[in-house]
Structure formats: structure tokens, C-alpha cells
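Q: Using the sequences and the hints, build the whole thing.
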Amino acid sequence: MTRPSGLAIYAFLYLVFLYLPVLFLPLFSFNSGTIVAFPIKGWTLDWYRQLGGEETLIQALMNSMIVGVVTALLATSMGLFAARAYVRYRFRGKKASEGLVMLPLVIPGIIVASSMLVLFISIGIKPSLTAVTLGHTFLALPFSVSIMKSAFDDFDPSLEEAAFDLGSSVFETFRRVTLPIVAPGIVASLLVTFTVSFDEFVLAFFLSGNQPTLPVYIWSQIRFPAKLPNTLALGSLLLLASVALLVLAEYFRRRSTKSTI
Amino acid sequence: MTAKNIIELQGIEKRFGKFVAVSNLDLNLREGEFFSLLGPSGCGKTTALRMIAGFQEPTAGRVIIDGQDMDGIPANARPTNMVFQSYAIFPHLNVGNNVAYGLRNRGISKSEIEARVTEALEMVELGGLQARGATELSGGQRQRVALARALVMRPKVLLLDEPLSALDKKLREQMQFEMRHLQQELGITFVMVTHDQYEAMTMSDRIGVMFDGRLVQVDEPPTLYAKPCNKEIASFIGEMNFLPAQVNGDKDKGLTISTPCFGTMEIEKNPNVEQTGREIEIGIRPEQLEIAAEEPEGYDGTVQGKIRDVAFYGENVHYHVQVDGVERPIAASVPNYFHTVDHRPGDAVWLGVQSASVIDLGQNQSKPQ
Amino acid sequence: MKSETAKGMTLSAPATLYVGFLVAAPLAILVAYSLWTQTYVSVDRTATLANYREAFTDPLVRHLMIRSILIAAAVTVATVALAYPIAYFIALRAERKTLWLLLITIPFWSSYLLRVFAWKLILGFNGVLNSALLGLGLIEEPLTFLLYNEFAVVLTLAHAWAPFAILPIYVSIQKIDPSLLEAATDLGNGPVQRFLRVTLPLTIPGIIAACLIIFIPTVGDYVTPSLVGGSDGKMIANLIQVQFGAANNWPLGATLSLLAMMSVGFVAILFVLSATGLGRRIR
Chain S
9 MTRPSGLAIY
19 AFLYLVFLYL
29 PVLFLPLFSF
39 NSGTIVAFPI
49 KGWTLDWYRQ
59 LGGEETLIQA
69 LMNSMIVGVV
79 TALLATSMGL
89 FAARAYVRYR
99 FRGKKASEGL
109 VMLPLVIPGI
119 IVASSMLVLF
129 ISIGIKPSLT
139 AVTLGHTFLA
149 LPFSVSIMKS
159 AFDDFDPSLE
169 EAAFDLGSSV
179 FETFRRVTLP
189 IVAPGIVASL
199 LVTFTVSFDE
209 FVLAFFLSGN
219 QPTLPVYIWS
229 QIRFPAKLPN
239 TLALGSLLLL
249 ASVALLVLAE
259 YFRRRSTKST
269 I
Chain E
477 MTAKNIIELQ
487 GIEKRFGKFV
497 AVSNLDLNLR
507 EGEFFSLLGP
517 SGCGKTTALR
527 MIAGFQEPTA
537 GRVIIDGQDM
547 DGIPANARPT
557 NMVFQSYAIF
567 PHLNVGNNVA
577 YGLRNRGISK
587 SEIEARVTEA
597 LEMVELGGLQ
607 ARGATELSGG
617 QRQRVALARA
627 LVMRPKVLLL
637 DEPLSALDKK
647 LREQMQFEMR
657 HLQQELGITF
667 VMVTHDQYEA
677 MTMSDRIGVM
687 FDGRLVQVDE
697 PPTLYAKPCN
707 KEIASFIGEM
717 NFLPAQVNGD
727 KDKGLTISTP
737 CFGTMEIEKN
747 PNVEQTGREI
757 EIGIRPEQLE
767 IAAEEPEGYD
777 GTVQGKIRDV
787 AFYGENVHYH
797 VQVDGVERPI
807 AASVPNYFHT
817 VDHRPGDAVW
827 LGVQSASVID
837 LGQNQSKPQ
Chain G
4 MKSETAKGMT
14 LSAPATLYVG
24 FLVAAPLAIL
34 VAYSLWTQTY
44 VSVDRTATLA
54 NYREAFTDPL
64 VRHLMIRSIL
74 IAAAVTVATV
84 ALAYPIAYFI
94 ALRAERKTLW
104 LLLITIPFWS
114 SYLLRVFAWK
124 LILGFNGVLN
134 SALLGLGLIE
144 EPLTFLLYNE
154 FAVVLTLAHA
164 WAPFAILPIY
174 VSIQKIDPSL
184 LEAATDLGNG
194 PVQRFLRVTL
204 PLTIPGIIAA
214 CLIIFIPTVG
224 DYVTPSLVGG
234 SDGKMIANLI
244 QVQFGAANNW
254 PLGATLSLLA
264 MMSVGFVAIL
274 FVLSATGLGR
284 RIR
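Protein chains in written order, with my numbering: chain S, 9 to 269; chain E, 477 to 845; chain G, 4 to 286.
Keep in mind that a hint or two might mislead.
Unchecked claim - Keeping only pairs whose Cα atoms sit at most 27 Å apart, straight-line, the calculated BS3-like set for lysine-lysine is:
1) 157(S) with 102(S)
2) 178(G) with 103(S)
3) 102(S) with 10(G)
Unchecked claim - If you anchor each label on the Cβ, the simulated ranges turn out as follows:
4) 13(S) with 548(E): 18 to 26 Å
5) 672(E) with 98(S): 34 to 42 Å
6) 98(S) with 814(E): 53 to 61 Å
7) 275(G) with 661(E): 46 to 54 Å
8) 203(G) with 588(E): 21 to 29 Å
9) 67(S) with 51(G): 38 to 46 Å
10) 609(E) with 13(S): 29 to 37 Å
11) 180(S) with 275(G): 47 to 55 Å
Simulated from the structure, these hints should not be mistaken for lab results. Idealized CB from N, CA, C, for every residue including glycine.
A: So this is what it looks like as C-alpha cells:
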């Protein structure tokens, strides 16, 4: 078992393969040359400074924030109730329901995007931030449900029974016992669903109309070589934000699984 | 017995970092015997078994199977097969393919594999269940499949790791007899690891008792029960009353002792314990004590006491008798011949013992000298 | 007190209905649209199979559909083959499993768009890789086969999907009772045989899950072929997008979406059946 395995070396190389491409973005965002190639000409923060002056960018960022926050709230509240039902109760159609809410994970993005566009137009919702939010909630729901399921999994139902037994009402039990215990799970779900929405491109591309979100804005900038350094700087900031949110979410998720001890 | 040794463990030791799981273990197993390694959990018995199987390498010492040093020989090339505690039935294979699993590694013809699988399944009374899925088996059936799968390989030694611990009590007792019969029919050496003293005693030709990585005593079950070599074993196997005693005379093979309740007696000296000092401890099995309302005659030691508790076990009755000058009540057990409980709590009774039933357990550890 | 069924159904209703509606309604409307026809700016609502006829006879559609499925298959095979040893390593060898799993998943949380973009920069004619190789003197002139072809698409997607392949396989390896592996050794298997006869068959469910999770979305991927695929790497999603965008032919776009979905479903079912069948034959 302790022989120094080729597997460990392979695993290390695989990590390099996973991380290296992503790390080129921040690396070249500090490059003073405008071409993304070695050797690096010199170091600069100019590209970051110039971002502040881009008004469409600021607007796109605001759009993404709004969509992200509303998506996180919608997906997490639906996920919270659904996960509780899946973990606590046995009911007819449970398996089917559990499978259905996971479906958004495996439908090809282009099909979700095109079919939602057609649907929203048909029922009178114009491409807009509302449309994007509704779509993102759909995409984020499986994430919320699985995070909340694991939060409820570690939650001992006899705690609620004990609260009942000690005289709490249903609502009071939920507020004073259930909610505080699964709170870290809720925070983790909010952060993850926000990130899912914040990074999502294809659906937003189809549904955002003339209100671009940040990824849609980046997409429009990728085509202009002159804008490349700014896009790199923006992308690096986005990467940083996503990773920070994830690490925070992971922290809360772990707290949620330890909190029942 | 003059049967040859099928397994020789020579000074084997296993360390995990600083922790010593098995220390300096010497043991010879005879061809065709049913041997049990008995001990509490964590005593190193499973580690010892896994070193024979080849799943763990000893840190020091040699494992010799059928005259061949096993150093560097991996588990898949050893002439042993194992019945795992969890049975390890392959869930993706049916019963027939589970049993045939090992034979398919040996380049044996299809028809012979089929014949041997059929034979093995009949041996464990699962004849005709080849096509049954592994996940559709009951606990007892899984155990039988595990047995058949190992025995079909015709190993020189069959290793069994707590083979009955996953079964309920009734099934466990039935399987004890079945496995014993199987072993005697096949004449293969069985080495079983168990923490259940009754299981070890009912099934084995010989038992090795382990504590804290050390092999403490190896004997046939009746000897082990009658002459435990120290207090650890005496308290682990069966029930035992422990009493302090003083040595007054020390001859070649005998001791003259005086006890606080049974007076002076001549008992056999235990060669396994150090006889330092005059304070020793003795052990008496509850069923070796006579209990009666009148003073019993013909006993080497008698004492009067008072019944404190009565526990009815069905096949016998246990009395706890409080005796003056003895801290803890003395337990005496009587077979339930006549479906009566003769004494009640508070009754005055007499206890009688023969000196042959008194076991010398060496220097008294429980009392400061 | 309400019954468990009532409580469970009530609590799960919002999520179920929401997803159910957003799966079923668009599907129904897609079907409707696929039967209509577009004439310039107006939609003709007489039911016809014209779109399907067009889709089936147009060699470009067939070509893109087949290429999408082949590329997705290649991506799936490459990703799963690269990921299996990692999953195996984390489940059976690694000492700090949670750390490894976290390390594997972190890159996944960066924007997918940005990761694909990064590959475009790396593989380009004047890109990171070429400039580095030139600088080190390993090549005389830039390599041209890196970007704008199927290879670039497969490489980029194999990178993007890594955690989706690793996690389900990891879970299935993790679930194997270690004594099963010991039993295989005890019955005479060497490490390779043991892997082929016990580990691999027991992880087939994980492999199937990983394949589906990768294959299905990949067939309909839009970003990667657009950014790194060039004209040789275009896939069906690009054509669908054109119908909803520049070409403004929604009925044809809807038809293509439905056909893509059906082809994916068909290939996926075929794959699951053959993989499970293959698993059963290992003894």
C-alpha cells in the first residue's frame, strides 16, 4: 500500500491540467503587452483600472447581481421545502419528484435556452432579466435541493419531536429548532445558487435581450482583440469572486454537517 | 498427537507505527485440526490471521505454511483461503459464479469447474442454487456461499474471520455444529478467529487465547477451562470466583494454602505463574461448589454463609452467597435437575469445595503487598 | 394531523411543479413550433412536417448532428478515461480525500465561459502554448493544428467536465467493500485481474452516470465549438442558435432542438443497455 505509486504522480499532473489553463487568465491580466503570449512584456494594473470606466460593464455587473440574488432566494426556498419533504416524509411520487428536480442538470444547455425562449415569448414574457432569473432558478434548483438534502440528512428528527414534546408549536419548532440547525446549509445553498447564476452564459445569452448579464457582456468583448486585456482582467475578477464564494459555501456546508453533534 | 505441523508461526510481530498489534507470536498448528484464536476485540487475533493469509506482512518473524516460508509470497499465491467476517460475497455475481470465482484463475476446464461448484454447494447444503443472485441471499446462505467459495479451492488451511458473528443466535448455534462436521469430514485445517468463548469451545480441537497482542495460553478446551494459566484467562473464559489465599507450605508440585473461608487446603501448583511472596489468588468455578442447607460431608473445605441473590437461568440456578470475611459474594451454580429453586435470599447455607477444584492463579495482583 | 403523503407532496410541490412546468411546457411549444413554418417574418400555423423533411434531407444537419454525437462521444471517452484513475486514487489511495475532492471541484466553479476562453488563448496561433514552445526553442514555427478543430473541442470539454466524471466514479469506488478486493486476492487474483473482475464491474453504475452526465449536455454545447471549434468543430447547437438568431427561423430551430434531444436520448439508452449488458458478462 505504501509503494510510491504512479497513480499519485498521475493525480498531480491531472491537477496541473485542471488548474494551469485557468491560471493563465490572471497571469496575463497583469501583462502590459496586448498580445496573450510569452514572453510577458511587463507588469501593469492598467487593465483593471480601465474597467471602472466601462459603463456597460457596470450595468452588466448590476444585472448579474440582481439576477443572482433573486435566483438564489427562489431556488433555495423551493429547495429547502422540497429537500425537507424528501428527507422526512415517504410519499407517493417521491422518487419521480426527486428525479424530476435533478433533470435541469442533464438537459443540454442549448435546448433549455431555445425552448425557454420560445415558451416565454409565447406566454408574453419578453427577453429580460425576469426571463433570465426564471431560467436560472430552473438551473440552480438541483444544486439547492442536493445541498439542503444533505443538511436535513444530518438533522436528527427526534430534535423536532423533543421540541414538540416540550410544548413548542409547529411553527415555533421550525423557527427555534429546525431553522437554526439547517441555517449553515441554507447559506451554502444561497452562495452556490448565486454562483451558478452569476457564471451562467448560454441561457442568459438567449433570454437577456438588451439587458446583458456579466457573462453575456464578456462574450461580446471576446470578439474584439483590442479589448482582450480588459476582458482578461474582468475574467480574473470573476474567477476570484466565484472561488471565494465557493470556499465560503464549503465552509458553511461543513458546518451544517457537523452541527448536529 | 504426532500429526505434522501445517502452519508454523515463528516469533511473528506486527507493529503499526508505535502500536504493537501482535508481539513475538510462536504457534504451531497441526494438520487437520480445528484451531481457534480467541480473545477480546483489539487483541491482535485478526491481525495474526491476516498475516497467515498474506494480507499483512509481519514486521518480524516467519510464517511457514506446509514447510514453505511465506516471506514475499502474496495472498493470492498462498495455499490458504479465507471466509471473511462480512462474507465478501461479490454482489455482481450469482451464487455459482461466486463459488467458481477462484477456480477460473486456475485454467481448469469448464466442465470440471461446474462439477466442483455443484459439489461444493451440495456440501454446504445449497445444492441447485447456482443461479440465485448474490443480493437475494439470507445471512445464513451468504455464510454458506462464503464457505463453499473458499473450500472449492481445496486449501491446505481454511481461515475464518469471526465467521458466525453476523448471524442470529439460533442460526449461529446450528452453524457451529455444521462447520465442525464439515471440517471433520474434509480433514482440512481450520483456523478461526472469534471473541466468543462458547463458539471457540464448542468447535475447536485447540484454542489459543490472546490478550494485548500476546498469545497467553494454547490448550484443548477442557484443559483451558479447568486450568486457566492466569487470572486474565480465568476471568475471560467462563465464570470464576476469585479469593485471596496465603501460602503456608511450598512443595515440588503442591502448595499448602490457607483461605479466609475454606480453611487450609493442599492444592496443585500452577507452573505458569510466578510464586513470589505468600499472598496469592485462587479461583473456583461456581459449578464446582456444593451448596446445601446442612454442612456437606466429604469436602476439603466448607463455610457457612447467607444467600444474597438468586438468578434463575433455566438450565441452572446461580446463588450469590455472602460469607463473613470475604468482600464479594461467592457464586455457586446448581444444575436445575428437579425444576426447583432450593434456597431463598436470606437463607443460611453451607458451601463445600474439593481442593482439586481450586485453581492457583499466582501472586495476588488486586491486593497491595 | 395531516398524512405524510399530504405533507411531503405539499412541501415538494413548488420545486416539482416549477421544474415540471419548465420542462413540459417548453417541450410542448417546441413540438408545436416544429410543425409550423416560417415565411419571412410571420409564422404559418398550419401543421406540416416540412421542417422535419428539411432537417432530414439537408446534408449539413445530418453532418452536424453526427459530428456532435461523435465529438460528444469522444469527449465522454476521453474525460472518463482520464478521470477514472483519479477517482480510483482518491477513493483508495489518497490520505486526504476531502482535500482532493475540493481541489478537483474548485476549477469547476469558475465560469465555464472563462475556462473555454482560457483554452482559446492557450491554443491560439499566437497563443500561450505556441509562444512558450517557440521561446524554449522546441518548435521552429507555431503549431497550427491546436486551435479551431475537433481536437481543440475535445480537449477543452474534457477539461471542463472533469469533476462530473470524477465524482460519480469516486462514489462508486468508495462504496466497494474492501473485503471484496481481499476476497478476490485470496481466491488467486493478481492486481490486474482483480481490477477487471471486481473493481471495474462494480463501478459500472458510476461509469454510466459519468458518461450520461457528460455526453448529454455535450451534444448540445454551444460555447466551446463557437470559441475553439472553428469551422471544422461546429456542432448542432451552433446551427440551432443561428435559427433562433440570425436566420430567424424558429420552427426549424425548434425542430432541430427536438431532433437533437431525441438523438441524444436514443444514443444514451443504447449506451446504458450495452454497458449494463457488458457488465453482466464479466464473471
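Q: Starting from the range 34 to 42 Å, see whether the pair residue 672(E) and residue 98(S) falls in it by beta-carbon distance.
A: holds (38 Å)
Q: Is the straight-line distance between the alpha-carbon of residue 178(G) and that of residue 103(S) 27 Å or less?
A: At roughly 22 Å apart (the allowed maximum being 27 Å), residue 103(S) and residue 178(G) satisfy the hint.
Q: Against the 27 Å threshold, does the CA-CA distance of residue 102(S) and residue 10(G) hold or violate the hint?
A: holds (12 Å)
Q: Is it true that the C-beta distance of residue 609(E) to residue 13(S) lies inside 29 to 37 Å, as the hint says?
A: holds (35 Å)
Q: Given a hinted range of 38 to 46 Å, is it respected by the beta-carbon distance of residue 67(S) and residue 51(G)?
A: holds (43 Å)
Q: If I claimed the Cβ atoms of residue 98(S) and residue 814(E) lie 53 to 61 Å apart, would that claim hold in this structure?
A: holds (55 Å)
Q: Taking the Cβ atom of residue 275(G) and the Cβ atom of residue 661(E), is their distance within the range 46 to 54 Å?
A: Since residue 275(G) and residue 661(E) have Cβ atoms about 47 Å apart, the given range 46 to 54 Å holds.
Q: Given the hint of 18 to 26 Å, check if residue 13(S) and residue 548(E) actually sit that far apart at their C-beta atoms.
A: holds (20 Å)
Q: Honestly, do residue 180(S) and residue 275(G) meet the 47 to 55 Å range at C-beta?
A: At roughly 48 Å between Cβ atoms, residue 275(G) and residue 180(S) fall inside 47 to 55 Å, so the hint holds.
Q: Need the status of pair residue 157(S), residue 102(S): alpha-carbon distance at most 27 Å?
A: Given that 27 Å is the threshold and the Cα spacing comes to 13 Å, the pair holds.
Q: Hint says 21 to 29 Å; check whether the CB-CB distance for residue 203(G) and residue 588(E) agrees.
A: Given range 21 to 29 Å: holds, Cβ gap about 27 Å.
This entry satisfies every hint, going by the numbered hints stated previously.
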